[in-house]
Amino acid sequence: LNHSYSALDEARDVFGVEDFNFDEFYDEDEEPVDDDDEDQEDIMDEETEGEARVRRVRTKEKSSTLLDAMEPSELERGFMAPMDKKIQLEDKPERFQLRKTPVTEADELELELESKWIYYHAFSHTSVSNQSTLLHYVSDFRGHDRSQCVDEAQETIKEALNFMRNQLFEVPFIAFYRKELVSSVLSINDLWKVYEWDEKWCHLQNRKKKISLNLQLRCVSFSHRVQSANSVEAIGDLSAQFHLYYGSEVNRMLDWEAAQKVGKIKSAFLIQMLISVHMQLCVDNGVGEMVTRFGITARQLAENLDWKKHEIEQDPVAPKVAAADYTSSAFPTPEAVIAGAIYMMARELSREPAARERIRQVYRENAKLYIRPTQKGREHLDETNPVWKMSFILYPFIPEILWWFSCIMVFSIFQSMLFFLQDEYSEVVEEWNSIREKATKMAIDEMLLPFLEKELEQKLLDEAKGNVILGEVRVMAIAYSADFNEASFGALVDQDGDVIDYCRMVHFTKRSGGFGPQQELKRESMNFFKTFVERRRPHVIGLCGENLDSIRLRRDIEECLSRMVSEGEIPRAPPVYIVDNEAAKVYMLSKGATVSTEHSGYPPTLLQAVSLARLLLDPLWEYAHLWNADEDIFCLAFHPLQNEVNKEELGNVLAREIINRVNEVGVDVNRCLEYPHTANVLQFVCGLGPRKATHLLKMLKQHDHLLESRTKLVTLCRMGPKVFMNCAGFIKIDTTRVAEKTDAYVEVLDGSRVHPETYEWARKMAVDALEVDDSADPTTALEEILQAPDRLKDLDLDAFAEELKRQGFGEKKATLYDISAELNHRYKDQRRPFTPLSDQELFALLTKESKESLVEEKRVCGVVIGVQFKKIPEDQRAAYLSGQEHMDPRKGGCPGIPVGIRVKLDNGVCGFIPNKMISDKPESFKNPLERVKVNQPIYCRIIKLEPEKFSCLLSCRTSDLNKETTVVHGRYWDYEAAKEDSEKDRSAKILKAEANFTHRQIVHPQFHNVSYREAQRMLNGRETVMDLSFQGDMVIRPSAKSTNRLTISWKVTGGVVANIDVEEHDKDEPTELGRRLTVLGEEFDDLDEAITRILYPMADLCRDITGHKYYMKGVFSEEREKIEVKLREDKRMVPGRIPYTLTASRTYPAKFVLSYLARIKPCHEYISVTSEGLKFRQRFFSSLDALLAWFKIHFREPPPGLNCGFNFTFFKHISGVHYFELNL
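In the numbering used here, the protein residues as written are 1 to 1224.
No lab work stands behind these hints: they were computed from the structure.
Glycine residues also receive a C-beta, built at the ideal position from the N, C-alpha and C atoms.
Just to be clear, a hint being listed does not mean it is correct.
Stated by the list, open to error - What follows is a set of in silico ranges between Cβ atoms, one per label pair, in the way DEER data are often shown:
id	residue 1	residue 2	range
1	P316	D796	38 to 48 Å
2	K1113	E976	42 to 52 Å
3	E534	D796	34 to 44 Å
4	S566	Q702	52 to 62 Å
5	E1118	T1170	44 to 54 Å
6	K1175	D1088	22 to 32 Å
As the list claims (entries may be wrong) - Straight-line C-alpha distance at most 30 Å; calculated DSSO-like pairs for lysine-lysine:
id	residue 1	residue 2
7	K828	K732
8	K764	K793
9	K1113	K979
10	K698	K712
11	K732	K722
12	K1041	K989
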């Protein structure tokens, strides 16, 4: 073998040897060794000795090669398999060898015919959907002799075909190095179009050869018509007509041909049969003779469509009289015979190629579209739905599903069909004309129109695919990194997930708008994106949901696409969706992606873009791809608590879910072979696993990479019966694609969910639905049912299930209904269609917050990013600028009126704090920066959350931060137990803090080294023993705050102990008492002085309150219900007075509550006990009597801080006592 030195050097580097022999990989010249030669003995006559000499022949052992020692996966990855070697060594472009229909040589005549065929179908023939297919060279021609221009175009196409087929030049080579011969007529895109249509031409010729091979055994005239056919539709028409007459004999023809080759038989008599079971029934009972009495054949009628070429031979006998000669058990009456004859004539006419072609032409010229939403559609569709703009369509010519056959078409066809009617006036003629007209209507309405509708739909879909670059579905995904210094990538994949192209955008994440070098870099990246979209035309664009920047980037993309549409660069803007990129990021970092030869050299961000595009195309492929030996699937976050679950248990749950989804969708094994990134789904098929799936693929790779039928799983792949029973129904086969690759019989049920064990039931259902004899061909009936599944609605499946149950098959009712549903739509994808993320889902994706983690009233932390300004109205600008509240102007002018501050939370959400929510006293500042600074961390509480805007309203007021958060729990939440446990935890925390004090060495009769709880027990115990209430009884103890502090715990009343903080100064030792003491802001020399001046006055005031006649002993202010009951009882007893009570507060020691009932709702106000007196409504009173006297006079005034929450209204003044009501 001749190899370049560079290739040999590379091989040495790979295999680590100095002297590398490439020929060791392939030992093709070695002769095979016959096993029978082992231990063979040759007996040779010795001429000189006259006796035999035995010579043992040594067995020739086959030497092993390096190829045998390597793993098959390594061979495939390195393109070192025998097929790879063949492609490498053959002197032919690799793409030509790998094309589905390989490039073959062509003579001058074939090139001439092909060039005219390609020009007509690809460049001059107007498409059905009115898409522009004209060659620019011809369409731009302005001369008089257009035929000369067409001839030149055809000659150029012929030259290009000669380069491709005979000289084996690829399109780029022709475009760049043979441009003199083609560039004036064909652009590089036109050359690719010629290359694509050359494949269609070769496929057409191959199909004609296959059909001719079958036709020449039975009908030579058919073979000549096939050779003259010039389109796929024409070949299909001829094939349909052939199968109408000889379909059931194809296998016998092939067997006869094979027998002739080996000389086993000399001749065979082929019986003419019909593929339709109805036709067969008619033929078997002689109804065909009745059809001949129509006076004209289907072929003659088809030739009469353009002009009257054949006359009708009118039968002189009336139809019913003629039909009486052909009655039988299947057709007992003349009417039944006539109906059968009408059906036979309609079937023959619908399969006649000339009739099909003529009617197809008229149909395509007049087919129209009419769309109007149903009531349900009107209820569910709105302006935001992408199909809303197509909800009311009237007669446009675009590819859709619903078709309406216009009256113009019906009229034109029936005008042509008048040649089928005899132009005479008699009763017999009228009856025969009526029968002929019925046959014509049946052929058109029931046979041709449904066929043409599906054919036209497929034709339009093919044109839509062929009109765009590279055809099929193209999905683009863009991935970017959170680091702005890293480049972003966009990847484009086709409908099979293969990467078509990618683009690199270095500055894609920069912000748009403004000026300067940063904006120039941003525009440069957007130009790359614009060029890529214009060239590749993606159908949809997915953007990774990395963070909140994706909202801004999506806006940039949509604006760019809108400009491209307005400028005419693209016909429409593809939709842009933000997609969850978690699985794509896992794939990006996985070992399989980094070592894969499919994406060798791809940077991580590009790998993420590829995976994101495939996720958008079909997420099942990518999630199954993560189920590998590296356990990448566990890197995904399915639940916040998944780390608390055993990995094996979690894996079992995930595996079951994937198994459910895979078996719900089914797996195309041939697709797994063709596209390796989809092969991982095979292991989840029922009955299989990773080992069996790998073995199955290996076996199929050894046999042409094609699974022709489910039976091959047993015969070819050696699958056991139990495994086969488990997996057969979930392995689907694309029967259409397989039929194109093989001549063997393809079972149509292999492409459905119907299990092989119930194939016979499906065929039986098809036969019964068509209402034919059981002797009819069930396979033929099944094919007809698949074309017209509505016939299954008439079946009584319940009766069929009862019969199966009677025969011992058990209850099979659900199975029969599943079979019926599957015959209506084979392997229908039952997954929910793709829907964009909702506002709430998008918010959760980009912020990584859930409904539970970020809610209103939650306390959060953020960073101040600036001040929000409001534009000054023009009529107020002068006055505002001259006022004191004017702030320093920014660069470029006055910023406006400050209305609040902008805050960015840790999760990226932007928040706004208005001025009134910065402080409880917003009037104390004009500039928000007086209270906060830019980049300052700040705690806030969420007042209102707006997920659709990715923003929230915040408050940092002390009152809002200090209030308890209200949390809404589920219906089974035990609020009492939660509150109880919360109190226990709070108490335990307090006890722990209180116990953490330093023992002090202080000499005082009231000092004890105890905690607050112990001091509280001591004070309450004294009351219990002495049965007295000592206000002012005290315990001096160490403070848990510091060694420089003491705490005086004194008794307010029974069960209430207050604390007074004492700060020490001038200390020599930490455990000693300070020489100066500070209590409530006043300085003292010793503890006794502080107690006398501070504590005793407060104790006296407490005694006055607890000794008042309206003081409620044993009741605390927190017991509002008892207090209000007392007030209402007093009010009921004396309606003319305002009852009031005094109670002590446990929550706030040294505070009492004045409760009163003016009219309807009780009111409660605090009274604070201080060393200066009683504090009530921000006023100090020396005694309780003074306080109550003032309150009776000023009760009409609202408490301080309540501006409009209360409305006091005078309503009565009696005996010098004021009465009032309190409206809330």
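List in ascending order the numbers of the hints, as given earlier, that are violated by the structure. 2, 3 and 5
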